[in-house]
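These protein sequence lines are chains A and B, in that order.
One point on numbering: in my numbering, the residue at position 289 of the first sequence is 289, and numbering is uninterrupted.
Residues are numbered in my numbering as their position in the second sequence, beginning at 1, plus a constant of 1000.
Calculated from the structure, these hints are not laboratory results.
Check each hint, because a few of them may be wrong.
Claimed, not checked - The calculated EDC-like cross-link candidates involving lysine to aspartate or glutamate, where the alpha carbons are at most 20 Å apart (straight line), are: (1) B/Lys1025 x A/Asp78; (2) B/Lys1100 x B/Asp1306; (3) B/Lys1295 x B/Asp1159; (4) B/Lys1142 x A/Glu169; (5) A/Lys248 x B/Glu1249; (6) A/Lys500 x A/Glu583; (7) B/Lys1142 x A/Asp244; (8) A/Lys455 x A/Asp335; (9) B/Lys1025 x A/Glu257; (10) B/Lys1227 x B/Glu1047; (11) B/Lys1097 x B/Glu1246; (12) A/Lys464 x A/Asp454; (13) A/Lys464 x A/Asp335; (14) A/Lys407 x A/Asp454; (15) B/Lys1293 x B/Asp1150; (16) A/Lys410 x A/Asp386; (17) B/Lys1189 x B/Glu1047; (18) B/Lys1156 x A/Asp244.
What the hints assert, rightly or not - Sample of chain A residues at the chain B side, in silico, Cβ under 10 Å: (19) Arg46; (20) Ser167; (21) Glu169; (22) Thr233; (23) Met239; (24) Gln240; (25) Thr243; (26) Trp247; (27) Ser252; (28) Gln255; (29) Gly264; (30) Glu290; (31) Gly293; (32) Ile457; (33) Leu551; (34) Pro554.
What the hints assert, rightly or not - Computed from the model, here is a short list of chain B residues facing chain A with C-beta under 10 Å: (35) Thr1027; (36) Leu1028; (37) Phe1078; (38) Val1081; (39) Gln1144; (40) Phe1145.
For each residue, glycine too, the CB sits at the ideal point set by N, CA and C.
Below, each chain spelled out in residue letters.
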Amino acid sequence: MRKDLVFGMAGSGGDGIVSAGESLLQAASMEGYHGVMTKSFGSQIRGGESSCRVRIATDPILNPGGNLDVAVALNWEDFLKFGAELPVAGTTVVIYEAATGIPENQIPLVGVTPLQVFAVPIAQMAKDTAGTERAKNTVVLGLIAGWFGIGAEAVMKGISKRLLKKSQELVDANQKAFDAGMAFAKEHPLKADMTIEVSKTKGAVKLMTDGNDMCAAAAIFAGCQFFGGYPITPSTEVMQFFTDHVWKYGGSVLQAEDEIAGIGAAVGASFAGKKAMTATSGPGLSLKTEMMGLASIAELPLVIVDVQRGGPSTGLPTKTEQSDLFAAAFSAHGDVIRPVLAPTSVADTFRTTVEAFNIAEQYQTPVIILSDQEISQRKETLDPIDTSKFKLVDRLRPTPADLQGYKRFKQTENHISPISHPGMAGGAYLAAGIEHNETGAPTNSGSVHQRMNDKRIKKLNPLKERRDLFEVTGNPDAPLALVAWGSIAGVCREALIMAKEQGLDVKLLVPYLLYPVAEQTYLDFFASVQKGLIVEQNHLAQTFKVLRMHLDLPAGVKSLARSGANPFLPGEIVAALQNLLAELQRSHEGRLQPQE
Amino acid sequence: MTTAAPSAPATNRLGLTKQDYVGSKSTLCPGCGHDAITAQIIAAAWEMGLEGSKVTKLSGIGCSSKSPAYFLNQSWGFNSVHGRAAAIATGTALANKTLKNILVSGDGDSMSIGMGQLVHLIRRNVPVVYILEDNGVYGLTKGQFSATADVGSTLKHGDVNEIPPIDPCSLAIELGCGFVARSFSGNPKQLNAILKAAMAHTGCAIIDVISPCVTFNNHDSSTKSYKNAKDHDYPVHDLGFVQYNEVEEVEIRAGDAREVAFPDGSVVSFRAVKDDYDPTNKLAAMQAIHASKAKQEFLTGILYLDPQAPTIHHFCPTVDEPLATLPQARTQPGPEALERIMQGLM
Ligand SMILES: Cc1ncc(C[n+]2csc(CCOP(=O)(O)OP(=O)(O)O)c2C)c(N)n1
Ligand code: SF4
Ligand SMILES: [Mg+2]
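Okay, chain B solo, but in the shape it has when bound:
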């Protein structure tokens, strides 16, 4: 018997293997949706050829917020405080324009305690790939309802939620977000395409990923269980993403797909599944989301896209060079500058 010679592992455009993008071993419950998302973050970052040293991984507190430890070991993690990663991301982005910021949060972290920070992050269009791992509960504190729990969903011991949920996607569209998507941790192919497109987006990308909590919210009467999510996941299109450096080689069949280009030349293509869904039409997107909600379905895909929306770097003019590496002579203007200020006070 002969064994095939081990083939060299595949590498990306930087010559790195997928293994170069992993993190430490997860300490989450086996089967947790968050780990499936982590796997797609690793895959997308590898396929995109992200430069690890130029990536930040920001998070708040929660099981979801632990995830940055489990991907991209070469990158800069900040596991901050509950609900405030958006504020940390804003400061980080303002101080360094060259970073790709990935933020992982939970539905508790984002939609309750961190709501104030999140809405202003969106409003300012801070460049960050915001992954909201949505399980309808506070996993880390043992399963209380969160603000995304659907009406009628129950907890394990029988409590029923009667308060209407906040939908992160409609909220983000309303606030003018230029990249709004929803996916499901059990749909790796779609999630992968969305993540890659989000990494190409220059502004704030909000991705609500239904991510079942197997320990506290995966029973039949929960609307955020694997089973319920599978049964009610309604993809609005098949997604294709082609990075700018490959656009020449990949031929996108004209006619049957809608395409949207990002400023760097990357292209995302949408092939309609059933009805034609126009992800560039804000009002139509809102209408579709509301209509699906009434039918207890949840639409997945890139629900709204406007790659040209001006970002925080337009509102708060920033220099191209990271502040940390600007020479001191430029950041400390010296006695003459103070002299001028004094004169202004005379």
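Excised from the complex, chain A in its bound form:
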């Protein structure tokens, strides 16, 4: 019996591999399992190769998993195009289309001997039972249900849910294809039992959703009433979800002519007194830079979502990377600090988004949410969100007393000034990109500029005290450490568990607040640390460098950084930790040598 299974499937566009993955995840969710699904496509718009990974487990899942337990190749050419995204190992059961004509001992996987290999006449079985090769994906699901025991009924329900929209005949035909897959599995048993244990929470209803939808849902919950943006992969679904729902609550959406206009309209809506947002990806973030500066100096609350993809420029538009940290933190002219937050999973995208609106409103500043393609587009099963835990913040509005001789940019103890909006009697002021005094009147004065910069930067200091924007797990006194954010945090959480099983004494710091850098939080974390790794998915080691700008890292803390698309595997992080430990032991031994 297993507690955890990772499936990886690939085929060409028309094979329905991704819908098969969705049905499988749906079934897992109905059976109360935890599940995560990621998809990956080739560069063709339609057709071309497509793949998905589905991980199903009895315990909560921290990331999409490492090596595959089960690999399904409808043809090898397409499967191999995904390379390290679908890693096969000695523990993998490989299932492939027999019509490829390749013998089981000659499958084109170099340097690995899988646990077991099955050539299955998938297309033939689909034709014989459902009368069409299009039911190939259903045969695959039958095989999976037969061999790995994810409730057959639930899987078939997942399939029906998708096909009923078309016709009942189609459902019946697919039932036959499914049964044929199940029967094949029964006739060809696995060497070792790989069925998954029954879920402890069988019957509990779970949501099945992705990061972009969660982000838009959280924005609506937070009271955001305006979205201005321009479509760009992989962020477009934030706009779509928002469009589908926000009108019910009086809000509106502008699909603008470009990203500059999109954020411009959001700045305008915020000026008019409403919570507003925009969402984009790398190239769009670059275009929005000037407007973000305007929002900073005009002290207007605004949330900007950047769903990172491989860059620069068009880069790898459908693959994940963490290479926009520098851009999020620093792409600005002038002296300015913008808070940058990052969710680590679909589930905490909700919380992080609500937090971003709260910070934007509290401090009257643009806030960037750095999501990434993986979190934004992977589907996860999760428990319904308990909204009673959240407190919503609105901007400080002027009292009647404030409106007597109103000063929009009044210097106050906490550097935050009451903000009026058009229509509020007595609250009129000039919002501007030019430097201004407390009333908002334009100025050229160096000393006013000095004071205003001071106000705009110091008002954010309390953010650095927010320990709740950091997660520390593991032994607080551990000598070994990991730091990771975004989707890589999930990989490190799993690495931490594996490392503990191997007897390593490690702890993990996951920042949800990336910028400004909360120096003291890091210093406290590193106090016990002799060796450690800052793990991130970009070539320049951007996080490592940003941290070093702000604090002295212990000498033994190194960077583990590499470009996007290919996932980090928990195992390789544990191996890196093992090396660090070995170094540590050598240096201790060195120190124990008698000194002559």
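Place chain B with the ligands on chain A using the hints.
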């Protein structure tokens, strides 16, 4: 049974076969209008005998903007950023007068994000064959409305567009463009003639080609579907194009066709289909476009033509030789030049 000996493939005036003008295999959806346009770009370039090494293929981002990879493998491609190919083209043209620049863009790329660049490209009359592959949606980002979507057109899942569209042709005429045409990817013969004439034009040629997106915008309630385009395509004339080197041989029947000559001597002839349409009369062209729009038709053909309009090389005087091959002695004037500047500052 005997099989006919394979005849040698036809060649153009450079001795090249059509195969010499193809690109790599398209990755667009099977049936996409953009691929039909690509086929005519290949045909026109071959028939014109364009010299591949002197052609640039510029584009922005979108399904349409991927097309330059699918034609003229021997030429210089630049798949730039979303909406900005016009700016790249302007710089390229200024640095090298001898190039034939082909720019492929989409309705999203041109009429939304790239509008600022496009209008100034036209205004400056930069020598470029600007092919706007117009499907009314953003194909690459999965089918949102673009700024050319007609009022009343719907998306697959039912959303209706209520915002009036921008018409690239009226806009181009208004901005003084000397070559404004519209065609349909499903009318290869007309498109071919327009492309060849545009390649002979020395200034900016704007060609709005209705090019259905089979995946996101080809349903019955879309005004940019194949069916709707076929039903409402209204060619204003039959076009003939004769390249300068063939003018002597081809006799154009006098009397029943209007002719306009390009500076190199090539000639385009217009044979009226129904009413006589004068493509050299700007106001009449505008009027006809507006009148047809009210009838939900779209006029196709060369809607406006003025081959003599001065180009950017007139406004920003440029040297005839490409800057890249000017000898260094001329591009780096040396210490004496700096000396003279210093003296001016004394
Ligand atoms: C700055 C920027 N914003 C957004 C995008 C995403 N994007 C790529 S293509 C495209 C629209 C394409 O539409 P169109 O030009 O009509 O081309 P089509 O795909 O319809 O041929 C968008 C919004 C991008 N690449 N860069
Ligand atoms: S999505 Fe539409 S525009 Fe893009 S390649 Fe497919 S059919 Fe063509
Ligand atoms: Mg388009």
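Taking the hints in turn, this is what the structure says about them:
| no. | hint | verdict |
| --- | --- | --- |
| 1 | B/Lys1025 x A/Asp78 | 17 Å, holds |
| 2 | B/Lys1100 x B/Asp1306 | 19 Å, holds |
| 3 | B/Lys1295 x B/Asp1159 | 23 Å, violated |
| 4 | B/Lys1142 x A/Glu169 | 30 Å, violated |
| 5 | A/Lys248 x B/Glu1249 | 70 Å, violated |
| 6 | A/Lys500 x A/Glu583 | 18 Å, holds |
| 7 | B/Lys1142 x A/Asp244 | 16 Å, holds |
| 8 | A/Lys455 x A/Asp335 | 12 Å, holds |
| 9 | B/Lys1025 x A/Glu257 | 31 Å, violated |
| 10 | B/Lys1227 x B/Glu1047 | 30 Å, violated |
| 11 | B/Lys1097 x B/Glu1246 | 25 Å, violated |
| 12 | A/Lys464 x A/Asp454 | 16 Å, holds |
| 13 | A/Lys464 x A/Asp335 | 18 Å, holds |
| 14 | A/Lys407 x A/Asp454 | 17 Å, holds |
| 15 | B/Lys1293 x B/Asp1150 | 10 Å, holds |
| 16 | A/Lys410 x A/Asp386 | 38 Å, violated |
| 17 | B/Lys1189 x B/Glu1047 | 13 Å, holds |
| 18 | B/Lys1156 x A/Asp244 | 15 Å, holds |
| 19 | Arg46 | 4 Å, holds |
| 20 | Ser167 | 20 Å, violated |
| 21 | Glu169 | 24 Å, violated |
| 22 | Thr233 | 6 Å, holds |
| 23 | Met239 | 9 Å, holds |
| 24 | Gln240 | 9 Å, holds |
| 25 | Thr243 | 9 Å, holds |
| 26 | Trp247 | 12 Å, violated |
| 27 | Ser252 | 14 Å, violated |
| 28 | Gln255 | 6 Å, holds |
| 29 | Gly264 | 13 Å, violated |
| 30 | Glu290 | 14 Å, violated |
| 31 | Gly293 | 20 Å, violated |
| 32 | Ile457 | 33 Å, violated |
| 33 | Leu551 | 36 Å, violated |
| 34 | Pro554 | 42 Å, violated |
| 35 | Thr1027 | 4 Å, holds |
| 36 | Leu1028 | 6 Å, holds |
| 37 | Phe1078 | 12 Å, violated |
| 38 | Val1081 | 6 Å, holds |
| 39 | Gln1144 | 5 Å, holds |
| 40 | Phe1145 | 7 Å, holds |
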